[in-house]
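Residue numbers (our numbering), protein chains in the order written: chain A, 112 to 321; chain B, 0 to 293.
A hint or two may mislead.
Claimed, not checked - Here are the computed lysine to aspartate or glutamate pairs in the EDC-like style, where the Cα-Cα straight-line distance is at most 16 Å:
#, chain 1, residue 1, chain 2, residue 2
1, A, Lys-315, A, Glu-152
2, B, Lys-261, A, Glu-211
3, B, Lys-4, A, Glu-152
4, A, Lys-224, A, Glu-211
5, B, Lys-32, A, Asp-158
6, A, Lys-290, A, Asp-305
7, B, Lys-64, B, Asp-47
8, A, Lys-222, A, Asp-249
9, A, Lys-114, A, Asp-158
10, B, Lys-162, B, Glu-178
11, A, Lys-212, A, Asp-268
12, A, Lys-290, A, Glu-211
13, B, Lys-4, A, Asp-305
14, B, Lys-202, B, Glu-186
15, B, Lys-4, A, Asp-240
16, B, Lys-32, A, Asp-189
17, A, Lys-239, B, Glu-192
18, B, Lys-185, B, Glu-116
19, A, Lys-134, A, Asp-310
20, A, Lys-222, A, Asp-240
21, A, Lys-314, A, Glu-207
Claimed, not checked - Chain B is nowhere near these chain A residues, computed Cβ spacing over 10 Å in every case:
#, residue
22, Arg-232
23, Cys-241
24, Leu-318
Please keep in mind that the hints were generated in silico from the structure rather than gathered at the bench. For glycine and all other residues, C-beta sits at the position ideal for the given N, C-alpha and C.
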Amino acid sequence: MGKCVGILALQGAFIEHIQHLEKCITENKYDLSVTTVKTPEELEICDALIIPGGESTSMSLIAQRTGMYPHLLKFVHDPSKAIWGTCAGLIYLSKELSNEKELVKPLNLLKVKVKRNAFGRQAQSFIKDCDFSSFIPDCTDFPTVFIRAPVIETILDPQEVLPLYTLDNGLIVAATQGKNILATSFHPELAENDSRFHDWFIKKFVLKQL
Amino acid sequence: MSELKIKSGLAQMLKGGVIMDVVNPEQAIIAEKAGACAVMALERIPADMRKSGQVCRMSDPKMIKDIMASVSIPVMAKVRIGHFVEAQILQALEVDYIDESEVLTPADWEHHIKKNEYNVPFVCGAKNLGEALRRIDEGAAMIRTKGEAGTGDVSEAVKHITKIKGEIAEYKKTLKTDEEIKAKAKELRVPTELLMQVLEQGKLPVVNFAAGGVATPADAALLMQLGCEGVFVGSGIFKSSNPEKLAKAIVEATTHYNDAAKLLQVSSDLGDLMGGISVESIKQSDKRLAEIGW
Chain A
112 MGKCVGILAL QGAFIEHIQH LEKCITENKY DLSVTTVKTP EELEICDALI
162 IPGGESTSMS LIAQRTGMYP HLLKFVHDPS KAIWGTCAGL IYLSKELSNE
212 KELVKPLNLL KVKVKRNAFG RQAQSFIKDC DFSSFIPDCT DFPTVFIRAP
262 VIETILDPQE VLPLYTLDNG LIVAATQGKN ILATSFHPEL AENDSRFHDW
312 FIKKFVLKQL
Chain B
0 MSELKIKSGL AQMLKGGVIM DVVNPEQAII AEKAGACAVM ALERIPADMR
50 KSGQVCRMSD PKMIKDIMAS VSIPVMAKVR IGHFVEAQIL QALEVDYIDE
100 SEVLTPADWE HHIKKNEYNV PFVCGAKNLG EALRRIDEGA AMIRTKGEAG
150 TGDVSEAVKH ITKIKGEIAE YKKTLKTDEE IKAKAKELRV PTELLMQVLE
200 QGKLPVVNFA AGGVATPADA ALLMQLGCEG VFVGSGIFKS SNPEKLAKAI
250 VEATTHYNDA AKLLQVSSDL GDLMGGISVE SIKQSDKRLA EIGW
């Protein structure tokens with residue numbers, strides 16, 4: 112049986128991830144299924160988990176209150192699972208927050224220190240074409256959306272965590288840890304009709320073809 | 000286009016969440032701790048505006064600023080329909096979203112704000128598809144049902160989401176030719192391309208939240224099951240006897256809106272809920288807020 116990719120669906124833009132993944136699966140005939148995850152039973156059947164954009168405080172509080180936190184903690188720390196966090200997901204996966212940390216209990220996975228709302232408020236949100244061709248072949252113009260985005264302020268373990276993409280001003284906005292963990296401060300799920308990032312995630316982290 | 004992406008993108012991040020009306024930093028902190036994905040900063044909640052009979056305007060920016068400083072989640076604030084200067088002021092303040100709201104007293108009975116001209120995203124209320132699309136055409140990056148704010152009566156919000164979903168389904172079935180779509184777009188006073196886009200996707204091109212009269216976890220789950228993508232709660236929470244508990248319960252009900260066992264759990268022992276006022280009882284008078292806007 113094929114692997115199953117779960118998308119944490121406690122709050123946020125989880126449907127957008129599902130749409131991109133399903134498009135990749137249809138176009139490339141991957142032996143994969145996709146499911147939303149709100150309960151331990153749904154998490155149980157997954158081989159990979161995407162933590163979507165949303166409000167990290169809401170997600171964290173709901174996970175604690177509904178008893179999902181210990182299950183998520185166990186799942187993401189299992190090295191056989193592929194894990195990807197976008198925006199709020201990056202915050203939630205991190206080991207440490209440098210600000211606005213009172214209400215977020217992160218999953219203590221990604222060995223980085225993250226700054227929430229690093230660019231400011233919504234007024235400072237932006238979209239930018241980024242050149243990801245150093246890791247996604249020929250992807251020189253990905254429409255990259257940053258909404259009240261966090262950044263990786265410090266990499267706490269440079270042996271394990273590698274910066275994947277850095278903005279011109281030196282801010283780290285994407286990183287990997289080991290062979291199974293990906294985190295982005297931006298939203299590939301908001302790219303319209305462009306699933307290159309999701310396809311790369313599937314190939315490299317879920318199917319481990321690259 | 001890319002600018003709309005940034006504006007509607009924030010609304011996409013709020014999906015599956017609860018946006019709570021708050022009148023001071025203390026309430027904002029309670030809302031954030033309860034798991035609200037955003038707060039709406041305003042001087043008086045709709046239930047109190049409804050009683051006052053006074054002109055209701057944009058809140059004091061100082062008060063909105065204090066709320067912005069007190070929480071890490073997005074902060075929204077309301078302007079009067081058509082009051083483009085209140086909108087300029089709130090954009091200068093850098094609130095995260097502006098609600099051009101029928102809950103306040105309209106400043107212009109003919110024109111809504113040209114929302115395309117702003118960098119700050121707007122949410123607007125709608126009772127039907129035509130109204131929703133006219134607001135989107137003006138630049139709204141998020142739609143909410145109007146409901147009947149300040150009543151604690153969910154029936155108008157139910158009516159509005161059912162109407163919008165129903166119209167989309169009906170037109171998808173009945174409008175066969177480009178000419179028919181063009182004629183319907185003309186009737187709704189919206190661009191043909193916008194209506195075509197909606198019919199193709201089977202949904203509005205922006206996020207659609209529930210609002211107006213939501214008072215219980217079951218109300219929130221009802222509107223989610225009817226197809227809303229998130230919930231605004233106005234007077235309901237802070238008019239109840241245990242706001243913290245109710246706020247948490249509504250957040251959980253919005254996440255697990257399809258899980259009756261969870262809904263049972265969070266609906267129990269919530270104390271006194273907002274007394275409210277039924278929409279039927281105010282139909283005779285001219286005080287229905289949902290009638291405001293066009």
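Cross-check of the supplied hints:
1. Taking the CA atoms of Lys-315 (chain A) and Glu-152 (chain A), the gap is about 26 Å. The hint is violated against a cut of 16 Å.
2. In summary, the hint linking Lys-261 (chain B) to Glu-211 (chain A) is not supported, as the alpha carbons are separated by about 30 Å, beyond the 16 Å threshold.
3. The straight-line distance between the Cα atoms of Lys-4 (chain B) and Glu-152 (chain A) is roughly 35 Å, outside the 16 Å bound, and the hint therefore fails.
4. Only pairs whose Cα atoms come within 16 Å are accepted, and Lys-224 (chain A) paired with Glu-211 (chain A) is accepted, the gap being roughly 12 Å.
5. The straight-line distance between the Cα atoms of Lys-32 (chain B) and Asp-158 (chain A) is roughly 32 Å, outside the 16 Å bound, and the hint therefore fails.
6. Simply put, Lys-290 (chain A) and Asp-305 (chain A) have alpha-carbon atoms about 24 Å apart, too far for the 16 Å limit, and the pair is violated.
7. Under the criterion of a C-alpha separation no larger than 16 Å, the hint pairing Lys-64 (chain B) with Asp-47 (chain B) is inconsistent with the structure, at around 22 Å.
8. For the hint linking Lys-222 (chain A) to Asp-249 (chain A), the alpha-carbon distance of about 29 Å lies beyond 16 Å, and the restraint is violated.
9. For the proposed pair Lys-114 (chain A) and Asp-158 (chain A), the alpha carbon gap of about 6 Å is at most 16 Å, so the pair holds.
10. In summary, the hint linking Lys-162 (chain B) to Glu-178 (chain B) is not supported, as the alpha carbons are separated by about 23 Å, beyond the 16 Å threshold.
11. Among the hinted pairs, Lys-212 (chain A) with Asp-268 (chain A) is inconsistent with the structure: their alpha-carbon atoms are about 20 Å apart, more than 16 Å.
12. Proposed proximity of Lys-290 (chain A) and Glu-211 (chain A) is contradicted: the alpha carbons are some 30 Å apart, above 16 Å.
13. At most 16 Å may separate the alpha-carbon atoms for a hinted pair to count; Lys-4 (chain B) and Asp-305 (chain A) meet this at roughly 14 Å.
14. For the hint pairing Lys-202 (chain B) with Glu-186 (chain B), the CA-to-CA distance comes to about 19 Å; that exceeds 16 Å, so the pair is violated.
15. Distance hint between Lys-4 (chain B) and Asp-240 (chain A) is fulfilled; the C-alpha atoms sit about 13 Å from each other, no more than 16 Å.
16. Straight-line distance between C-alpha atoms of Lys-32 (chain B) and Asp-189 (chain A) comes to about 30 Å, which puts the hinted pair past the 16 Å bound.
17. For the hint linking Lys-239 (chain A) to Glu-192 (chain B), the alpha-carbon distance of about 26 Å lies beyond 16 Å, and the restraint is violated.
18. Between Lys-185 (chain B) and Glu-116 (chain B) the alpha-carbon distance is near 24 Å, which puts this suggested pair outside the 16 Å criterion.
19. Of the pairs offered as hints, the one joining Lys-134 (chain A) and Asp-310 (chain A) holds, with about 9 Å between alpha carbons and a cut-off of 16 Å not exceeded.
20. Pair hint Lys-222 (chain A) plus Asp-240 (chain A) does not hold up; C-alpha atoms about 27 Å apart against a cutoff of 16 Å.
21. For the given pair, Lys-314 (chain A) sits about 29 Å from Glu-207 (chain A) by alpha-carbon distance, which is inconsistent with the 16 Å threshold.
22. The Cβ of Arg-232 (chain A) sits about 5 Å from the closest Cβ of chain B, inside the 10 Å cut-off, so the non-interface label is violated.
23. For Cys-241 (chain A), the condition that its CB be more than 10 Å from all CB atoms of chain B holds, with the nearest at approximately 13 Å.
24. With a cut of 10 Å on Cβ distances, Leu-318 (chain A) stays outside the contact zone with chain B, its closest approach being about 27 Å.
Hints 1, 2, 3, 5, 6, 7, 8, 10, 11, 12, 14, 16, 17, 18, 20, 21, 22, counting from the list given before, are not met by this structure.
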